[in-house]
Amino acid sequence: MAGIDRAACLNAFGSYVDAFGGNDARIALKREHTMRVAELCDGIAASFGMLSGDVDLAWLCGLLHDIGRFEQPRVSGTFKDAVSCSHVLLGLAALNGEREFAGYAINPVDGWLDLFAGSAEDAAIVRQAVSLHTDLRLPAVAVCADAMLLRDCVRCRQG
Numbered sequence: 000m001a002g003i004d005r006a007a008c009l010n011a012f013g014s015y016v017d018a019f020g021g022n023d024a025r026i027a028l029k030r031e032h033t034m035r036v037a038e039l040c041d042g043i044a045a046s047f048g049m050l051s052g053d054v055d056l057a058w059l060c061g062l063l064h065d066i067g068r069f070e071q072p073r074v075s076g077t078f079k080d081a082v083s084c085s086h087v088l089l090g091l092a093a094l095n096g097e098r099e100f101a102g103y104a105i106n107p108v109d110g111w112l113d114l115f116a117g118s119a120e121d122a123a124i125v126r127q128a129v130s131l132h133t134d135l136r137l138p139a140v141a142v143c144a145d146a147m148l149l150r151d152c153v154r155c156r157q158g
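Quick note on the numbering used here: the sequence shown kicks off at 0 and runs consecutively.
In short, the hints are calculated from the structure, not lab data.
C-beta: ideal position from N, C-alpha, C; glycine also.
Where hints are given, some of them may not hold.
[Claimed, not checked] Computed beta-carbon distance windows for the label pairs:
| hint | residue 1 | residue 2 | range |
| --- | --- | --- | --- |
| 1 | E97 | F47 | 13 to 23 Å |
| 2 | L9 | F47 | 17 to 27 Å |
| 3 | S46 | Y103 | 32 to 42 Å |
| 4 | L114 | S51 | 33 to 43 Å |
| 5 | M34 | K79 | 21 to 31 Å |
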């Protein structure tokens, strides 16, 4: 696995989030939450004795788990999925480079995931972690053990 350049990830993430309003308290709160989750994912993965590349991947899952939250208040005025739209699906659309979601124009993060994850397999793990991070249960379909651990990392102390 190619190494994840955390500085590049943070730079791109910061630029993306800044576009939604650097003075918006809601955005600042979500940025702080995201950074906390990324560090928790890093610590949990390291505590399991995972290889450094896998620890980086867990960190990246944490960094991107709520990427849809930054777009959500712009398109709907709220962070409430039940009132708005699924921030998970919105985030996946952005990560997949889509420019529209549920009739709203969105800001895609073109190429981020493939570039930052380092491989198609790792990008798939990140997408899976993002897609499952709000689920109470994993689907019955077989999921690789790393993806389950990463999902648990993303969910740790979230809320």
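Quick rundown of the hints versus the structure:
1. E97 - F47: 13 to 23 Å: violated, 33 Å
2. L9 - F47: 17 to 27 Å: holds, 23 Å
3. S46 - Y103: 32 to 42 Å: holds, 39 Å
4. L114 - S51: 33 to 43 Å: Hint violated: Cβ distance 19 Å, outside 33 to 43 Å.
5. M34 - K79: 21 to 31 Å: 22 Å Cβ-Cβ, so the 21 to 31 Å window holds.
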